[in-house]
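Chemist: Residue numbers (our numbering), protein chains in the order written: chain H, 230 to 698; chain P, 230 to 698.
Treat the hints loosely; a few may be bogus.
Since the list gives no way to pick one copy over another, a pair counts as held whenever it fits inside one copy or between any two copies.
[What the hints assert, rightly or not] DSBU-like cross-link-like pairs, simulated, lysine-lysine; straight-line CA separation at most 35 Å:
id, residue 1, residue 2
1, K698, K592
2, K238, K544
3, K369, K508
4, K386, K544
5, K482, K670
6, K278, K418
7, K508, K247
8, K477, K278
9, K326, K369
10, K698, K238
11, K456, K474
12, K611, K486
13, K544, K326
14, K278, K434
15, K278, K611
16, K669, K456
17, K508, K386
18, K544, K670
Everything labelled a hint here was simulated from the structure, so no lab data went into it. Keep in mind it's a predicted model, so treat the numbers as computed, not measured.
2 protein chains.
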Amino acid sequence: MSKLVKSIKEAIQLAGLKDGMTISFHHHLRNGDMVAVMVMDAICELGIKDMNVNISSVFDTHGPFIEYIRDGVITGIETDYMGGVVGRAVSEGIMDKPVTFRTHGGRPSDIIRGASPIDVAFIAAPTADCMGNCTGKIGKSACGSLGYAFADAMYAKKSIVITDNLVEYPLIDYSIAENYIDYVVAVDKIGEPSGIVSGTTKITKDPVGLVIADYAARAIDASGLLKDGFSFQTGAGGASLAAAKYLKDIMMKKNIKGSYGLGGITAYMVDMLNSGCFKALYDVQCFDLDAVRSIRENPNHMEVTAAHYASPTAKSSAVDSLDVVILGATEIDTDFNVNVHTDSNGYIMGGSGGHSDTAAGAKMSMIVAPLSRARLPIVVDKVLCKSTPGSTVDVLVTQRGIAVNPLRADLADRFKDAGLPVYDIHDLKAMAEQLNGTPKKPVLGDKIVANVLYRDGTLLDTIKNVPVK
Amino acid sequence: MSKLVKSIKEAIQLAGLKDGMTISFHHHLRNGDMVAVMVMDAICELGIKDMNVNISSVFDTHGPFIEYIRDGVITGIETDYMGGVVGRAVSEGIMDKPVTFRTHGGRPSDIIRGASPIDVAFIAAPTADCMGNCTGKIGKSACGSLGYAFADAMYAKKSIVITDNLVEYPLIDYSIAENYIDYVVAVDKIGEPSGIVSGTTKITKDPVGLVIADYAARAIDASGLLKDGFSFQTGAGGASLAAAKYLKDIMMKKNIKGSYGLGGITAYMVDMLNSGCFKALYDVQCFDLDAVRSIRENPNHMEVTAAHYASPTAKSSAVDSLDVVILGATEIDTDFNVNVHTDSNGYIMGGSGGHSDTAAGAKMSMIVAPLSRARLPIVVDKVLCKSTPGSTVDVLVTQRGIAVNPLRADLADRFKDAGLPVYDIHDLKAMAEQLNGTPKKPVLGDKIVANVLYRDGTLLDTIKNVPVK
């Protein structure tokens, strides 16, 4: 018995894919992913159309989706993040049906509870055996964790593994087990290695970023949370990584033995694990080769499923035990609502990912951002898109000072006691406007191009089209 | 946040357990298990009654169940195996409702597809953290694999972890993840170590058993299946283990590199792994301390869930790729149907476990048994209970010769070519009857005390009561 079929087309036909169905992809191969487009090509060649595509993130490598949208092959997209290439087209109104944005925790939650059923899941697997046991830890396209792919594989009606490294049965140290997989296809190449581990995973050298990082680390130190058992997540942006670096210095100096590091994992988090700052890493996604190597070799560096990472309907998830998360923002408003979906012109160029999941779970959620970006103040009266509700955002750290959500007067007191520059968020807004003037809001259209769902599945906001000039 | 509650009673109350509900247990602590009775005691003290108990196996340590049946605290039992103590009481008609017997693959299948829903699952966990991540690999009550407990934890409405080794969050190398667990209870002791790894896991020294084992190993050698990539499961009975020992000798001599060993794992299978006879073990249950140590330390020794092991409704399970399985029998009839549920008097003293799952999956299923036991021939006209259908049983090996299912003439030819003593199964029956006479069938009552479900959920047979003299 073997589930090996000779082509993606054959697997699609065997899976019974029909017009109007929902297919799914995961994004562990990031901007190196070749599988989603490869599958869409096969679907198009088979003359199947009206696909609803549930993909954990859309990267610029998925640019060919635009043509498939124009041709009616793709008519729906559900995702947690959308890069600028497809995002721009969506913002300009290319789709009749609004995109559905979820969070990295909301997505598995909705799949598991049946709110977003998947007909056929396509699992890009850097290594697999002929029965479908698969892993991301080894192979020429190794990406490390396959955390986002578990719910797809487990709950889709049909699940197809696509690999470029087929090994003898049974695969040792598999992540996703054969009992969930219907078909296996071997192809030459599932991803471009340089793109798999790309992303903004380098520490910033920008002096503004370093000031922000220094404040952020000192604020964490002052928060009362930085003690033995400390748990931490940080984004992969330059200032966030610099904050992790400074935080590590403090932890080493004070000999603080943390509990776990969480999230998308970078070399910086691996370094903190190996330095004894954490006893474990919970990894839902690897951002670089050091993380891939570590998850393969170090048993304390553990793969977690997206549901275990952040699902709000799981009986608990790792974000629920999190002390501190450092997050980015394109905008934050004076009610601490954060936008990570659209740029200042209203174009889609991001998404929540785990932003609002971790903000909701962590004891302290901290936004790091420069006071202005491209002469536009980061603090606004009202964000263009509410990605993360202000009620779950505790602190904003800029190079000019720190604003604390009024709900967290305890933190403001601690920061002041530690000599950190604490301001009202309106003051930070005024500082930026004094430097750069008050920005003009972009004029958006009336068409809803995306619905932003909160992690619990409720509608949090909508994104309107950007009129094409 | 912590799921830790201070007692089993509190966890039961928080889980909302009510009269008439279904609770579940797993049997990885085998005859050392203290958790099932501990929980029943708490349920009784809380005045809750009419429990339907779904337990993967009932051992003699669960003798106190009998009193709870008499008192109406337990009114239903669903299991894959039942030892002689509770089995005798059930056979004598102590329960109003028949016991439901499933297989180790049918049980998770029925749980997952919703055919046997569980209200509250109790997971005996040798190590756990306060959020419910747990493992059987470490702790004073270490039992190794928790394979049978996954479906319970994942699909029960409420899941409660009971541990005697609570460790800091997050537990490294967890088996069952926190996202499935509602409550955690720490107790002094979940199991008696001597009972956890007890069982018939010693190689036979009985000359008859050794002859059977020798024939069995030679038959496997002759089958055409023993070549590179060979996969194998054997029971933990003395003759089965001796057969594994002889098989190892053949594999070593011929330098055959097998693929995987499967099932309940003993030191003998671990030795075969370490000797290079297999590249991997798939372990649903550890039978002894060597197996526990190996699954903890050797990444090639992998825990599998019961669904991955043997579920007939999984998209595949490990039994589907199995070459050879060696199994026991209390009786086999001339149509090759096998009884492993009742003894010659009709008393329940066993169950299918993975018997009919592996028989259905393996390319060759082999029964090893002495020609007679306690002067009773092993081959009968019709088994008292059909545990495994004859259509899935290929070979019977006794000390006097080998009988091959007429469906498998190919095997008979191979065995004859290898000089093995092949007989018609009727001839083996006649040989035994010549020695010991024709046995009298026990007279059974009219009450159905158990329904035996095949792995696909259909009714395979019923077990009648033994009239009390």
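Chemist: None of the hints should be skipped; say for each whether it holds.
Modeler: Hint check:
1. Neither within a single protomer nor between protomers do K698 and K592 lie at most 35 Å apart by alpha-carbon distance, with minima of 45 Å and 68 Å respectively.
2. Only between protomers do K238 and K544 lie at most 35 Å apart by alpha-carbon distance; the minimum there is 20 Å, versus 38 Å within a single protomer.
3. For the homomeric pair K369 and K508, the shortest alpha-carbon distances inside one copy (29 Å) and between copies (22 Å) are both at most 35 Å.
4. For a Cα distance limit of 35 Å, the shortest separation of K386 from K544 qualifies both inside one copy, at 24 Å, and across copies, at 10 Å.
5. Taking the shortest Cα distances, K482 and K670 never come within 35 Å of each other, neither inside one copy (46 Å) nor across copies (80 Å).
6. Taking the shortest Cα distances, K278 and K418 sit within 35 Å of each other inside one copy (25 Å), while across copies they are farther apart (59 Å).
7. For a Cα distance limit of 35 Å, the shortest separation of K508 from K247 qualifies neither inside one copy, at 48 Å, nor across copies, at 41 Å.
8. Taking the shortest Cα distances, K477 and K278 never come within 35 Å of each other, neither inside one copy (51 Å) nor across copies (55 Å).
9. Taking the shortest Cα distances, K326 and K369 never come within 35 Å of each other, neither inside one copy (38 Å) nor across copies (57 Å).
10. For the identical chains of this complex, K698 and K238 are neighbours neither inside a copy (40 Å) nor across copies (68 Å), given an alpha-carbon limit of 35 Å.
11. For the identical chains of this complex, K456 and K474 are intra-copy neighbours only, at 17 Å inside a copy versus 54 Å across copies, given an alpha-carbon limit of 35 Å.
12. When the C-alpha separation of K611 and K486 is checked against a cutoff of 35 Å, the pair qualifies neither within a copy, at 40 Å, nor between copies, at 67 Å.
13. Proximity of K544 and K326 under a CA criterion of 35 Å is satisfied in both settings, with 33 Å inside one chain copy and 34 Å between copies.
14. Taking the shortest Cα distances, K278 and K434 never come within 35 Å of each other, neither inside one copy (47 Å) nor across copies (67 Å).
15. For the homomeric pair K278 and K611, neither the shortest alpha-carbon distance inside one copy (39 Å) nor that between copies (58 Å) is at most 35 Å.
16. Taking identical chains as interchangeable, the C-alpha atoms of K669 and K456 are never at most 35 Å apart, the minima being 44 Å within one chain and 75 Å between chains.
17. Taking the closest pair of Cα atoms, K508 and K386 come within 35 Å of each other only across two copies (32 Å); inside a single copy the shortest separation is 38 Å, beyond that limit.
18. Taking identical chains as interchangeable, the C-alpha atoms of K544 and K670 are never at most 35 Å apart, the minima being 42 Å within one chain and 53 Å between chains.
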